[in-house]
Amino acid sequence: MKKIFLTAAGFAMLCRINAYAQVMKTDTAKKVFSLAEPPSTADNSGYQTKPLRVEEVNLVSSYYLQNGNHSAVTGGIGTEHVTDLSNGINLKLVWTGPGQHKNTIDAGLGFDHHTSASQAFINKSGASSTGGSRIYPSVDWTSENEKKGTSFGVGTYISSEYNYRSIGADLHFSAKTANKMGEFGVKLQGYFDQVRLIYPSEFIPTSTTTTTGGATVITTASGRTSTLSADGSETKSSIPSSPRNTYSASFSYSQIINPRLQIMFLADVVTQNGYLSLPFHRVYFNTGRDTIEHLPSSRFKLPLGFRANYFLGDRIIIRTYYRFYTDNWGTHSNTINLEVPVKISPFFSIAPFYRYYDQTAAKYFAPYEAHAPTDTYYTSNYEYAQFHANFFGAGIRLSPPKGVAGWQSLHELELRYGHYQQTTGLASNVVSLSLGFK
Amino acid sequence: MTKHLIKLLIALLICSLTSACVHVREYQKNKLNDAEMALANRKAERNELNFQSYREGASGANAGKTGGGCGCN
Chain S
1 MKKIFLTAAG FAMLCRINAY AQVMKTDTAK KVFSLAEPPS TADNSGYQTK
51 PLRVEEVNLV SSYYLQNGNH SAVTGGIGTE HVTDLSNGIN LKLVWTGPGQ
101 HKNTIDAGLG FDHHTSASQA FINKSGASST GGSRIYPSVD WTSENEKKGT
151 SFGVGTYISS EYNYRSIGAD LHFSAKTANK MGEFGVKLQG YFDQVRLIYP
201 SEFIPTSTTT TTGGATVITT ASGRTSTLSA DGSETKSSIP SSPRNTYSAS
251 FSYSQIINPR LQIMFLADVV TQNGYLSLPF HRVYFNTGRD TIEHLPSSRF
301 KLPLGFRANY FLGDRIIIRT YYRFYTDNWG THSNTINLEV PVKISPFFSI
351 APFYRYYDQT AAKYFAPYEA HAPTDTYYTS NYEYAQFHAN FFGAGIRLSP
401 PKGVAGWQSL HELELRYGHY QQTTGLASNV VSLSLGFK
Chain D
1 MTKHLIKLLI ALLICSLTSA CVHVREYQKN KLNDAEMALA NRKAERNELN
51 FQSYREGASG ANAGKTGGGC GCN
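Residue numbers (the UniProt record's numbering), protein chains in the order written: chain S, 1 to 438; chain D, 1 to 73.
What the hints contain is simulated information worked out from the structure, not anything from laboratory work.
We put the beta carbon where it would ideally sit given N, CA and C, even for glycine.
Treat each hint with caution, since some may be false.
Between beta-carbon pairs, the in silico distance windows are [said to hold, decoys possible]:
no., chain 1, residue 1, chain 2, residue 2, range
1, S, K147, D, K29, 16 to 22 Å
2, S, P137, D, K29, 16 to 22 Å
3, S, P243, D, K29, 44 to 50 Å
4, D, N33, S, G99, 24 to 30 Å
5, S, N429, D, C21, 19 to 25 Å
6, S, T287, D, L49, 38 to 44 Å
7, D, L49, S, F152, 39 to 45 Å
8, S, T423, D, L49, 37 to 43 Å
9, D, C21, S, F152, 44 to 50 Å
10, S, E202, D, L49, 18 to 24 Å
11, S, I158, D, H23, 43 to 49 Å
12, D, N33, S, S125, 56 to 62 Å
13, S, P296, D, K29, 46 to 52 Å
14, S, T423, D, H23, 42 to 48 Å
For lysine to aspartate or glutamate, the following EDC-like pairs were computed, each having C-alpha atoms within a straight-line distance of at most 16 Å [to be verified]:
no., chain 1, residue 1, chain 2, residue 2
15, S, K343, S, D327
16, S, K343, D, E36
17, S, K180, D, E36
18, S, K92, S, D314
19, D, K43, S, D106
20, S, K343, D, E26
21, S, K102, S, D140
22, S, K438, S, E183
23, S, K92, S, D106
24, S, K187, S, D140
25, S, K124, S, D290
26, D, K43, S, E412
27, D, K43, S, E56
28, S, K147, D, D34
29, S, K148, S, E183
30, D, K29, S, D314
31, S, K438, S, E56
32, S, K102, S, E146
33, S, K343, S, E412
34, S, K176, S, D140
35, S, K176, D, D34
36, D, K31, S, D314
37, S, K50, S, E144
The following residues of chain S were derived to be distant from chain D, with all beta-carbon distances above 12 Å [to be verified]:
no., residue
38, Y63
39, Q100
40, T150
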């Protein structure tokens with residue numbers, strides 16, 4: 001079913017690209033990658049078509065540093081030291097076809113590399129790898145009817161790292177109200193993940209070798225098998241994995257209230273099923289014995305959000321966000337975000353921000369050596385603990401008309417720093433740089 | 001502290017909804033069209049949203065991802 005959907009989505013996109021390519025016979029290959037505004041051509045109906053062009057390129061880089069002392073790998077105790085260097089590029093391609101349909105392709109590629117001190121303790125001796133990389137390409141196509149104020153699109157996404165793979169797809173639709181003061185949006189998403197079953201070293205079986213019908217089968221500690229046939233050929237299997245699926249429907253409605261105020265309501269309905277634990281998270285019972293985290297195989301989440309942005313005077317903007325969240329694992333939370341960009345000039349702003357977050361504990365959470373062996377479900381992952389958190393920092397944004405530092409193509413620069421502190425003791429710092437090219 | 005902030009936001013919400021919406025014409029939208037007024041996350045916020053969804057139990061309703069990826073170490 002998943003393959004059929006992805007194939008159909010990809011085929012539909014190719015058909016549309018080819019259809020417009022045939023309409024615009026005067027296009028040259030050079031124009032496809034031109035950052036300059038290409039010439040338009042008018043069809044018989046009087047509408048203007050515009051050939052495919054790169055509208056915008058965005059680069060985002062972040063460095064994240066975290067410290068804490070409640071790692072889930074070591075059962076709710078032990079170092080949570082993590083560093084993460086993340087880089088992403090997004091390419092926005094647009095063209096206008098007959099009938100004033102504006103088409104946009106948003107293609108992205110992200111790459112993260114992290115080091116995690118606790119990851120070493122998947123092996124009890126602390127000898128396992130402390131680093132890993134993740135790569136995540138994505139493509140999204142949207143067709144917008146500017147006359148009617150409607151848009152429709154599809155997207156797909158892949159994420160791959162050593163212990164986790166994810167494939168996602170979405171359909172999205174939006175429509176403006178008749179007076180163009182409001183807009184309704186809906187997005188249906190599905191993520192089809194595979195969790196590699198990498199267990200803590202004390203729970204993996206010892207390597208075994210068996211001989212059947214002349215073939216020798218070696219089962220390694222990770223569960224991977226290697227079969228040596230009598231003719232000398234060798235076949236290897238991958239580490240076993242377990243599926244985790246996420247389905248969500250996201251709804252939004254935005255409304256212009258007056259020339260200075262606009263608001264938005266957001267609601268997601270999310271359901272997950274499959275292997276929702278992580279195989280390398282330990283739990284220590286009150287008997288001192290340890291085991292592997294065990295969580296239910298389904299979860300239902302309901303986050304509801306509200307945004308309101310207000311332009312105060314000529315220089316100050318107030319950006320607010322509130323979210324209420326609840327799920328059937330017993331976690332309820334509130335998130336409040338306030339950001340106040342101050343325009344030093346029309347092209348330069350400084351934006352201090354503050355975010356408050358609180359949550360109740362999931363009913364399956366208990367700290368180190370607090371769970372009883374009779375519990376049906378158990379975790380010591382502090383993601384599910386009761387806590388509140390503060391996140392604050394500031395950002396600057398530059399968008400001079402002649403380009404940043406006189407470089408015409410670099411039309412926007414954003415630099416942000418934030419400090420995050422949880423009442424569990426976890427603290428982190430993150431710095432991000434975003435560059436926008438046109 | 002939290003309860004007061006929530007009450008303040010609810011009050012703002014009610015005020016927003018009860019005050020009649022004014023029809024804003026295109027030429028009156030210069031402030032609404034300012035990049036800082038966008039009802040969306042900043043591009044530079046992308047990785048902040050990622051780490052928050054990994055370290056906190058709640059996620060969603062912020063135009064970010066609702067699933068996929070791991071970030072679990």
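Do the hints match the structure? See the list:
1. As the Cβ distance of K147(S) to K29(D) is approximately 18 Å, the hint placing it in 16 to 22 Å holds.
2. Between P137(S) and K29(D), the C-beta spacing of about 35 Å breaks the proposed range 16 to 22 Å.
3. Checked against the hint of 44 to 50 Å, the C-beta distance between P243(S) and K29(D) comes to roughly 47 Å, which is consistent with it.
4. At roughly 26 Å, the beta-carbon separation of N33(D) and G99(S) lies within the given 24 to 30 Å, and the hint holds.
5. Roughly 41 Å separates the CB atoms of N429(S) and C21(D), a value that falls outside the hinted 19 to 25 Å.
6. For the pair T287(S) and L49(D), the supplied restraint of 38 to 44 Å holds, since their beta-carbon distance comes to about 40 Å.
7. For L49(D) and F152(S), the Cβ-Cβ distance of about 25 Å falls outside the hinted range of 39 to 45 Å, so the restraint is violated.
8. For the hinted restraint 37 to 43 Å between T423(S) and L49(D), the CB-CB distance of approximately 21 Å leaves it violated.
9. For the hinted restraint 44 to 50 Å between C21(D) and F152(S), the CB-CB distance of approximately 26 Å leaves it violated.
10. About 35 Å separates the C-beta atoms of E202(S) and L49(D), a value inconsistent with the hinted range of 18 to 24 Å.
11. Take I158(S) and H23(D): their Cβ atoms lie about 44 Å apart, and the range 43 to 49 Å holds.
12. For N33(D) and S125(S), the hinted distance range of 56 to 62 Å is satisfied, since their beta carbons lie about 59 Å from each other.
13. Our hint of 46 to 52 Å for P296(S) and K29(D) holds, since their Cβ atoms are close to 48 Å apart.
14. A hinted range of 42 to 48 Å holds for the C-beta pair T423(S) and H23(D), which are about 47 Å apart.
15. Among the hinted pairs, K343(S) with D327(S) is inconsistent with the structure: their alpha-carbon atoms are about 39 Å apart, more than 16 Å.
16. Of the supplied pair hints, the one linking K343(S) and E36(D) holds, its CA atoms being roughly 10 Å apart against a limit of 16 Å.
17. Note on K180(S) and E36(D): the hinted pairing is violated, with a Cα-Cα distance of about 20 Å set against a maximum of 16 Å.
18. A C-alpha spacing of about 31 Å is found between K92(S) and D314(S), which places the hinted pair above 16 Å, so the restraint is violated.
19. Under the criterion of a C-alpha separation no larger than 16 Å, the hint pairing K43(D) with D106(S) is consistent with the structure, at around 14 Å.
20. For a cut-off of 16 Å, the pair hint linking K343(S) to E26(D) is broken: about 23 Å separates their Cα positions.
21. A threshold of 16 Å between alpha carbons decides the hint, and for K102(S) with D140(S) the separation of about 14 Å falls inside it, so the pair holds.
22. For the suggested pair K438(S) and E183(S), the alpha carbons sit about 27 Å apart, so the restraint of at most 16 Å is broken.
23. For a cut-off of 16 Å, the pair hint linking K92(S) to D106(S) stands: about 5 Å separates their Cα positions.
24. Distance check on the hinted pair: K187(S) and D140(S) sit about 12 Å apart at the alpha-carbon level, within 16 Å; holds.
25. With a C-alpha separation of about 12 Å, the suggested pairing of K124(S) with D290(S) holds against the 16 Å cut-off.
26. Using a Cα cut-off of 16 Å, the hinted pair K43(D) and E412(S) holds, with the two alpha carbons roughly 11 Å apart.
27. For the suggested pair K43(D) and E56(S), the alpha carbons sit about 13 Å apart, so the restraint of at most 16 Å is met.
28. Only pairs whose Cα atoms come within 16 Å are accepted, and K147(S) paired with D34(D) is rejected, the gap being roughly 23 Å.
29. At roughly 12 Å between alpha-carbon atoms, K148(S) and E183(S) fall within 16 Å of each other, so this suggested pair holds.
30. Pair hint K29(D) plus D314(S) holds up; C-alpha atoms about 13 Å apart against a cutoff of 16 Å.
31. For a cut-off of 16 Å, the pair hint linking K438(S) to E56(S) stands: about 5 Å separates their Cα positions.
32. For the hint pairing K102(S) with E146(S), the CA-to-CA distance comes to about 7 Å; that is within 16 Å, so the pair holds.
33. With a CA separation close to 15 Å, the supplied pair K343(S) and E412(S) stays within the 16 Å bound.
34. Under the criterion of a C-alpha separation no larger than 16 Å, the hint pairing K176(S) with D140(S) is inconsistent with the structure, at around 20 Å.
35. At most 16 Å may separate the alpha-carbon atoms for a hinted pair to count; K176(S) and D34(D) exceed this at roughly 19 Å.
36. Taking the CA atoms of K31(D) and D314(S), the gap is about 9 Å. The hint holds against a cut of 16 Å.
37. Of the pairs offered as hints, the one joining K50(S) and E144(S) holds, with about 14 Å between alpha carbons and a cut-off of 16 Å not exceeded.
38. Non-interface status of Y63(S) relative to chain D is broken: a Cβ of that chain comes within 12 Å, the nearest being about 9 Å off.
39. Consistency note on Q100(S): stated as away from chain D, and its beta-carbon is indeed over 12 Å from all of that chain's, at 17 Å minimum.
40. Consistency note on T150(S): stated as away from chain D, and its beta-carbon is indeed over 12 Å from all of that chain's, at 18 Å minimum.
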